[in-house]
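Visitor: Going down the list, the protein sequences come from chains Z and Y.
Residue numbers are given in our numbering: position 32 of the first sequence equals residue 32, and the series is strictly consecutive.
When you read off a place in the second sequence, starting at 1, and then add 1000, the result is the number in our numbering.
These are calculated hints, taken from the structure and not from any lab test.
Check each hint, because a few of them may be wrong.
Derived CB-CB ranges, DEER-like [claimed, not checked]:
#, chain 1, residue 1, chain 2, residue 2, range
1, Z, R21, Y, N1013, 42 to 50 angstroms
2, Z, T104, Y, K1012, 21 to 29 angstroms
3, Y, N1013, Z, E56, 34 to 42 angstroms
4, Y, A1158, Z, S48, 41 to 49 angstroms
Capping the alpha-carbon separation at 30 angstroms, the derived lysine-lysine pairs in DSBU-like fashion look like this [said to hold, decoys possible]:
#, chain 1, residue 1, chain 2, residue 2
5, Z, K28, Y, K1205
6, Y, K1014, Y, K1111
7, Z, K130, Z, K4
8, Y, K1014, Z, K130
9, Y, K1111, Y, K1012
10, Y, K1138, Y, K1012
11, Y, K1141, Y, K1257
12, Y, K1141, Y, K1069
13, Y, K1144, Y, K1069
14, Z, K130, Y, K1236
15, Y, K1205, Z, K130
16, Y, K1014, Y, K1236
17, Z, K22, Z, K6
18, Y, K1135, Y, K1002
19, Y, K1133, Y, K1216
20, Y, K1069, Y, K1111
21, Z, K28, Y, K1012
22, Y, K1111, Y, K1236
23, Y, K1002, Y, K1069
24, Y, K1216, Z, K130
25, Z, K130, Y, K1069
Derived, one-sided and incomplete: chain Y residues facing chain Z with beta-carbon distance under 7 angstroms [unchecked claim]:
#, residue
26, C1009
27, N1013
28, C1151
29, R1155
30, A1159
31, L1229
Every residue gets a Cβ at the ideal spot worked out from N, C-alpha and C, and that includes glycine.
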Amino acid sequence: MINKTKNLQQEMTRISGVNPRKCMKCGKCSATCPAYDEMEYHPHQFVSMVENGDIEPLLDSQSLYRCLTCFACVDRCPRGVEPAKLIEAVRLVAIRRQGANHMTANDVPDMLNEDLPQQAIVSAFRKYTK
Amino acid sequence: MKVSYFPGCTLKNKARDLDEYARKAAEALGVTLEEIDNWQCCGGVFTTANDEIATKLSSVRALKAAADKEQPLVTVCSACHNVIKQTNHAMQQNSSFSTAVNNYMGEEPYKGETEVYHYLELLRDLVGYDAVKAKVVKPLKGLKVAAYYGCLLLRPHAAMQMDDPENPQIMEDLFRALGAEPVVYARRNECCGGYITMESPEFAKAKSMDIIANAKAAGADMLVTACPLCRYNLLKTGTDMPVVYITELLAEALGVKENADD
Ligand code: SF4
Ligand code: SF4
């Protein structure tokens, strides 16, 4: 179990390049996050939970799919932690597992309308699907 | 002046206006946008993961095509611009990433040498706002215009380097050159909800309504954006506030709007 957690931590650090230990727990990332109200775990919690090895709850959380990739937390963190990069890494670890895609092509037709730009579809696929 | 141009998939489809007006206005300013051959969709969002290679190849190939012609690469869609600039930044800064990418390229490696310009940067830095102003035939007098930057134009600043990400001026300065009156409001660089509209239209609507309410309170007559998805989300709120593309406003002021193709 301990080894598995360590492996996950290393994997997420490798993918993201984020060092969670730089965080000074100011909460600014979460305060500025436009998806805050929609998230069970907030950006600062992703940072501290990965640091503490409390990773499984993050992998199972819908919060992974609420991040809007707005990069506000990246630019506004006073310590250069770049939480969104870590969230991206956790999401990738989750959806790279076989059969764990959050969205499939079959889901798309029901979401379409006449005005929806292609940009929305390709962006959602890039974030939710491997 | 000739520049390489990456239109992107949405500008060939739901956002044709953004593309057509961009080309017409550029011609009026003495710039030809040369569409690069065989471009592929940028993917819409940049994946920050260091080990994502394949998803960034379309950007690298576009960058290399511009490098081969020794031209800067211009994009007008906020999303394409964001993805291509972040990819270029990664090619310059991250040698293991750039090595991995070049395994998929031809014999000549690409090392991040192309200069990437958003259309706004093309106007400001290569054409110059004074030259734009000199070509205005229909000044937008009395029009109170609120720039909506959203996230993609400005962030992350380390890669985008377009403007101060918390106090941008690039659109406001353009509006002044066109004779309009810029309206500055707090939420101009906050997120409209983006692609979350696919899964949760209500969430995107709430975000977009905050932005519109804020711009309205500041006295705006219209919102202006460079992003098809921002425009979609803002209009989907059912607002009566017009939301137009930067290129449409520009084409209007330059007097070339009418002869744009359908
Ligand atoms: S803004 Fe940065 S330093 Fe502050 S809590 Fe978030 S990650 Fe930590
Ligand atoms: S990038 Fe994601 S986590 Fe960071 S502020 Fe934006 S929505 Fe929140």
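Visitor: With reference to the structure, classify each hint as holding or not holding.
Guide: Evaluation of the provided hints:
1. R21/Z <-> N1013/Y: 42 to 50 angstroms: Once the Cβ atoms are compared, 45 angstroms apart, the range 42 to 50 angstroms for N1013/Y and R21/Z holds.
2. T104/Z <-> K1012/Y: 21 to 29 angstroms: holds (25 angstroms)
3. N1013/Y <-> E56/Z: 34 to 42 angstroms: holds (41 angstroms)
4. A1158/Y <-> S48/Z: 41 to 49 angstroms: Cβ of A1158/Y to Cβ of S48/Z: about 24 angstroms, so the range 41 to 49 angstroms is violated.
5. K28/Z <-> K1205/Y: holds (24 angstroms)
6. K1014/Y <-> K1111/Y: Roughly 33 angstroms separates the two Cα atoms, so the pair is violated.
7. K130/Z <-> K4/Z: holds (22 angstroms)
8. K1014/Y <-> K130/Z: At roughly 25 angstroms apart (the allowed maximum being 30 angstroms), K130/Z and K1014/Y satisfy the hint.
9. K1111/Y <-> K1012/Y: holds (29 angstroms)
10. K1138/Y <-> K1012/Y: Within the cut-off at roughly 28 angstroms; holds.
11. K1141/Y <-> K1257/Y: Distance ~17 angstroms between K1141/Y and K1257/Y Cα, so the pair holds.
12. K1141/Y <-> K1069/Y: At roughly 40 angstroms apart (the allowed maximum being 30 angstroms), K1069/Y and K1141/Y break the hint.
13. K1144/Y <-> K1069/Y: Violated, because 40 angstroms separates the two Cα atoms, which is more than 30 angstroms.
14. K130/Z <-> K1236/Y: holds (29 angstroms)
15. K1205/Y <-> K130/Z: Holds. K1205/Y to K130/Z sits at ~27 angstroms (cutoff 30 angstroms).
16. K1014/Y <-> K1236/Y: holds (14 angstroms)
17. K22/Z <-> K6/Z: holds (18 angstroms)
18. K1135/Y <-> K1002/Y: holds (18 angstroms)
19. K1133/Y <-> K1216/Y: holds (27 angstroms)
20. K1069/Y <-> K1111/Y: This hinted pair holds, its Cα atoms lying about 15 angstroms apart.
21. K28/Z <-> K1012/Y: Given that 30 angstroms is the threshold and the Cα spacing comes to 39 angstroms, the pair is violated.
22. K1111/Y <-> K1236/Y: Violated, at about 41 angstroms.
23. K1002/Y <-> K1069/Y: Within the cut-off at roughly 10 angstroms; holds.
24. K1216/Y <-> K130/Z: Roughly 40 angstroms separates the two Cα atoms, so the pair is violated.
25. K130/Z <-> K1069/Y: violated (34 angstroms)
26. C1009: Since the shortest Cβ distance to chain Z is 5 angstroms, the answer is holds.
27. N1013: holds (5 angstroms)
28. C1151: Given a least distance of 4 angstroms, the restraint on C1151/Y holds.
29. R1155: holds (4 angstroms)
30. A1159: violated (9 angstroms)
31. L1229: holds (5 angstroms)
Consistency with the previously given hints fails for numbers 4, 6, 12, 13, 21, 22, 24, 25 and 30, ordered from lowest to highest.
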